[in-house]
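Peer 1: Counted the way my numbering counts, the sequence shown spans residues 1 to 267.
Calculated from the structure, these hints are not laboratory results. Be a bit skeptical, because a hint or two may be false.
Computed list of lysine to aspartate or glutamate pairs in EDC-like fashion (alpha-carbon distance at most 20 Å, straight line) [said to hold, decoys possible]:
hint: 1; residue 1: Lys198; residue 2: Glu257
hint: 2; residue 1: Lys198; residue 2: Glu39
hint: 3; residue 1: Lys210; residue 2: Glu34
hint: 4; residue 1: Lys256; residue 2: Glu186
hint: 5; residue 1: Lys189; residue 2: Glu134
hint: 6; residue 1: Lys189; residue 2: Glu39
hint: 7; residue 1: Lys239; residue 2: Glu257
hint: 8; residue 1: Lys210; residue 2: Asp175
hint: 9; residue 1: Lys198; residue 2: Asp175
hint: 10; residue 1: Lys189; residue 2: Glu34
hint: 11; residue 1: Lys189; residue 2: Glu247
hint: 12; residue 1: Lys256; residue 2: Glu39
hint: 13; residue 1: Lys239; residue 2: Glu186
hint: 14; residue 1: Lys210; residue 2: Glu39
hint: 15; residue 1: Lys198; residue 2: Asp35
hint: 16; residue 1: Lys239; residue 2: Glu201
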Amino acid sequence: MRTFAMSLAATGAALIVGVFIYFVYAFILPSLAEDPGGEGAAFLPILVGFIAVFGVLGAASWLWPGARRRSWFWILHVVAGILVTLMFGSQITFSLTHPADAQGFIPTVLALLGAGLAIGGGIAAFLDVRRGRETWTRSGRAGWLMTALSGLIVGAVLTSALAGSASSAGGGVTDAPTTTGVVTAENTKWLPTSLQVKNGEVLGLFVINKDGFAHTFDIPTLNISVQLPANSTTAVAIKPTAAGTLEFYCAIPGHKEAGMVGTITVQ
Numbered sequence: 001m002r003t004f005a006m007s008l009a010a011t012g013a014a015l016i017v018g019v020f021i022y023f024v025y026a027f028i029l030p031s032l033a034e035d036p037g038g039e040g041a042a043f044l045p046i047l048v049g050f051i052a053v054f055g056v057l058g059a060a061s062w063l064w065p066g067a068r069r070r071s072w073f074w075i076l077h078v079v080a081g082i083l084v085t086l087m088f089g090s091q092i093t094f095s096l097t098h099p100a101d102a103q104g105f106i107p108t109v110l111a112l113l114g115a116g117l118a119i120g121g122g123i124a125a126f127l128d129v130r131r132g133r134e135t136w137t138r139s140g141r142a143g144w145l146m147t148a149l150s151g152l153i154v155g156a157v158l159t160s161a162l163a164g165s166a167s168s169a170g171g172g173v174t175d176a177p178t179t180t181g182v183v184t185a186e187n188t189k190w191l192p193t194s195l196q197v198k199n200g201e202v203l204g205l206f207v208i209n210k211d212g213f214a215h216t217f218d219i220p221t222l223n224i225s226v227q228l229p230a231n232s233t234t235a236v237a238i239k240p241t242a243a244g245t246l247e248f249y250c251a252i253p254g255h256k257e258a259g260m261v262g263t264i265t266v267q
């Protein structure tokens with residue numbers, strides 16, 4: 001008999017497969033189309049590997065009768081779930097604190113949910129097989145907890161989707177620009193990487209995001225942090241407070257290191 005915990009572990013595997021398939025179609029394939037030898041080519045085998053592993057685990061959980069009698073099988077769910085959590089580790093904090101970035105927030109939430117189900121369900125299923133009885137039941141606390149958690153996740157996903165569909169309002173100071181400029185985010189890089197402005201001027205900067213995923217435009221010394229939705233143009237008003245050099249970058253983990261950093265020289 002398939003227990004409630006076994007069903008949860010299998011559901012977690014299915015969720016993770018869905019998230020990774022989304023990543024392949026939304027990010028990797030478009031990246032490969034633009035640059036066949038770029039970062040997408042390096043990530044594709046990793047994502048395909050995870051899809052294969054969780055696809056096999058999920059299918060076996062539902063279709064293989066022997067899985068219900070083998071405790072070791074459910075530990076595989078636990079190990080795979082931990083690997084997914086580690087994979088998303090650098091992205092978790094940023095994504096969860098930026099729900100308006102629906103492309104990052106929703107997949108991260110669903111991946112964490114899937115990993116949690118795989119880990120928790122896998123441990124409980126392991127105990128089910130060892131003890132010969134259900135550790136969790138649908139009518140018990142675990143069932144009520146899953147119902148509440150499902151409602152919370154659905155609410156968070158809908159809120160993020162609605163926030164992400166809203167147009168970007170821009171950022172920076174409210175002063176009228178005295179000069180203008182354009183910077184483009186493309187292939188996880190800024191073009192150009194250097195700008196110039198005179199001290200006292202207000203730079204009206206149009207930040208164009210040509211990538212199919214979100215970025216941010218941050219100038220920490222001026223307390224500027226603006227979300228850049230995928231395929232969007234956002235206006236940022238920048239008023240330097242002194243001559244010198246201002247650094248701007250994308251705050252999404254890994255993007256600055258990939259080349260999304262530049263400078264504004266204030267004369």
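Peer 1: None of the hints should be skipped; say for each whether it holds.
Peer 2: Hint check:
1. Lys198 / Glu257: Outside the cut-off at roughly 28 Å; violated.
2. Lys198 / Glu39: violated, 37 Å
3. Lys210 / Glu34: holds, 12 Å
4. Lys256 / Glu186: Holds, at about 13 Å.
5. Lys189 / Glu134: violated, 52 Å
6. Lys189 / Glu39: Holds: Lys189 and Glu39 sit about 12 Å apart, inside 20 Å.
7. Lys239 / Glu257: Violated, at roughly 26 Å.
8. Lys210 / Asp175: At roughly 27 Å apart (the allowed maximum being 20 Å), Asp175 and Lys210 break the hint.
9. Lys198 / Asp175: Given pair Lys198, Asp175 holds - Cα atoms ~15 Å apart, limit 20 Å.
10. Lys189 / Glu34: holds, 14 Å
11. Lys189 / Glu247: At roughly 14 Å apart (the allowed maximum being 20 Å), Glu247 and Lys189 satisfy the hint.
12. Lys256 / Glu39: Holds, at about 14 Å.
13. Lys239 / Glu186: It is violated: about 25 Å lies between the C-alpha atoms, which goes past 20 Å.
14. Lys210 / Glu39: Holds - the C-alpha atoms of Glu39 and Lys210 are around 17 Å apart, at most 20 Å.
15. Lys198 / Asp35: violated, 37 Å
16. Lys239 / Glu201: holds, 6 Å
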